[in-house]
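Quick mapping for you: the protein sequence lines, in order, are chains A and B. Numbering follows our numbering, with no gaps: position 24 of the first sequence is 24. Each position in the second sequence, counted from 1, maps to that position plus 1000 in our numbering.
These are computed hints drawn from the structure, not numbers from a lab. Quick caveat: nothing in here was measured; it's all calculated off a predicted structure. We put the CB at the ideal spot given by N, CA and C, even for glycine. Any given hint could be a false lead.
What the hints assert, rightly or not - Some residues of chain A that are not near chain B, with every Cβ distance over 12 Å (derived):
(1) Tyr192
(2) Arg196
(3) Arg214
(4) Phe221
(5) Glu261
Unchecked claim - Within a straight-line C-alpha distance of at most 25 Å, the following computed SDA-like cross-link-like pairs (lysine to any residue) qualify:
(6) A:Lys274 / B:Lys1027
(7) A:Lys274 / B:Asp1011
(8) B:Lys1027 / A:Asp257
(9) A:Lys274 / B:Asp1068
(10) B:Lys1027 / A:Glu238
Unchecked claim - Chain B is faced by these chain A residues, among others (derived, beta-carbon under 10 Å):
(11) Asn223
(12) Val296
(13) Gly320
(14) Pro322
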Amino acid sequence: MTEHVVIVGGGTGGTVLANDLADRLEPELDAGDVRVTLVNDDPDHVYKPVWLYVPFGQRELDDGRRRLADLVDDAIDLRIGRVSDIDTESQRLQFHGSAPSVGYDYLVLATGSTLEPDQIPGLTEDGHNYYSESGATELRDELLSFTEGDLVLSVIGTPHMCPAAPLEFVFMADDWLRERGLREDVDITYTYPIQRVHGNPHIAEWARPIMEERDIQVETFFNAESVDPETETITSMEGTELDYDLLVAIPPHRGIDLIEEAGLGDDGWVDVDKHTLEAEAAENVYALGDTADTGVPNAGSVAHYQAGVVGQRLASEIRGRPATATYDGKTLCFIETGMDAASFVEFDYENPPSPAPPSEKLHWSKLAYNESYWLTARGLL
Amino acid sequence: MTDIEPDGTVDARGATCPGPLMDLIGKIRGAESGDVIRLLSDNEQSLTDVPEWAEEAGNELLTVEERDDYNAFYVEKA
Chain A
1 MTEHVVIVGG GTGGTVLAND LADRLEPELD AGDVRVTLVN DDPDHVYKPV
51 WLYVPFGQRE LDDGRRRLAD LVDDAIDLRI GRVSDIDTES QRLQFHGSAP
101 SVGYDYLVLA TGSTLEPDQI PGLTEDGHNY YSESGATELR DELLSFTEGD
151 LVLSVIGTPH MCPAAPLEFV FMADDWLRER GLREDVDITY TYPIQRVHGN
201 PHIAEWARPI MEERDIQVET FFNAESVDPE TETITSMEGT ELDYDLLVAI
251 PPHRGIDLIE EAGLGDDGWV DVDKHTLEAE AAENVYALGD TADTGVPNAG
301 SVAHYQAGVV GQRLASEIRG RPATATYDGK TLCFIETGMD AASFVEFDYE
351 NPPSPAPPSE KLHWSKLAYN ESYWLTARGL L
Chain B
1001 MTDIEPDGTV DARGATCPGP LMDLIGKIRG AESGDVIRLL SDNEQSLTDV
1051 PEWAEEAGNE LLTVEERDDY NAFYVEKA
């Protein structure tokens, strides 16, 4: 009997996993003993880290898009469609439209994050972000003509995609404005919901002095409650009000509703064993990347490493062997600290990050990785 | 044991910092003034995070109950 693995989500986690399985299970796929289907609601794969560079005019959206069909091994069945229901009892997925349902023996959810700016009144009207394609281009149009006033970057809620990106944005904006001779005319303020500038205390301790050095104002314990586009102010639950001329906000994030409706976890994140990545509430279901509620950052490197673990576990299960591969929390990030310098961190569940001194070499390493990312998606790197 | 009846509970046991505090903030965001939210957390950091935030935001931390392997924080929204 053919075992059917269905992966939902063609982002980093889902695409790397599909290619990992194509390689790992090649004999079984060739023999027809296993079938792997990758489901995505868009024919394209999107590499979101490119969006950080778009507002500064350094990258175009197309730099972050490739056809999934060009990235995924031919042994994988690619299905473009939107799932409308996950039934973990009958192990079946329903689709929107007249597309037929699909049964699975193993399901992997890699559905990522969605943005919910509407949670904060006024944010949709006047808040900019670089966490979506439309947001990044609209912010670019604003930023390129912004020459003076208050630039506020507000991190509204966690978890959000790429926890380092808000720090990167203010560091890059500071440097970019200095290079253009505008920094003295622009005040930059960074807000964060808890009592430090980043969720990870080690990264927060590293970043805070850099912000002081660069004259980036900081407001901690700032949980945005509302934005008033008329007066151009953002107000926090803690009672602080900030004026802005350009508001860049990391909107609230959540997973997809289908996950909550399927009883797999709250807010669209799947409750998983943080080592095996198996869903707590259903059999034969895995989650990875942003979708898996493990407490590690929502980052592409996490999805990449987790895909390798899930790939090994699925291959073991399909071959009737005990699945022994586990995820240790490994996370790896470059952090831009300006337009031509970056730091680097690597950490896991047991070992905290220790940011490397910023250097031009690390900046170029980050840009080089962004270019070679497509090899990661293809399962080659 | 307290006899406070919470209006809502957030179970953040197992979550790493700052997860429990952010979960509490999220729940308080949608609560009415005067509502009491109970946060269950087994993260040590919550013992400092929650009182500090409650004071900053003007909410009242009514009590902290020590259970066997976690703490229960009762926060009243201002």
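Against the structure, the hints:
no. : hint                 : result
1   : Tyr192               : violated, 10 Å
2   : Arg196               : violated, 9 Å
3   : Arg214               : holds, 24 Å
4   : Phe221               : violated, 4 Å
5   : Glu261               : holds, 20 Å
6   : A:Lys274 / B:Lys1027 : holds, 24 Å
7   : A:Lys274 / B:Asp1011 : holds, 17 Å
8   : B:Lys1027 / A:Asp257 : holds, 18 Å
9   : A:Lys274 / B:Asp1068 : holds, 23 Å
10  : B:Lys1027 / A:Glu238 : holds, 15 Å
11  : Asn223               : holds, 5 Å
12  : Val296               : holds, 8 Å
13  : Gly320               : violated, 31 Å
14  : Pro322               : violated, 25 Å
The structure does not agree with the numbered hints 1, 2, 4, 13 and 14 stated previously, though it agrees with the rest.
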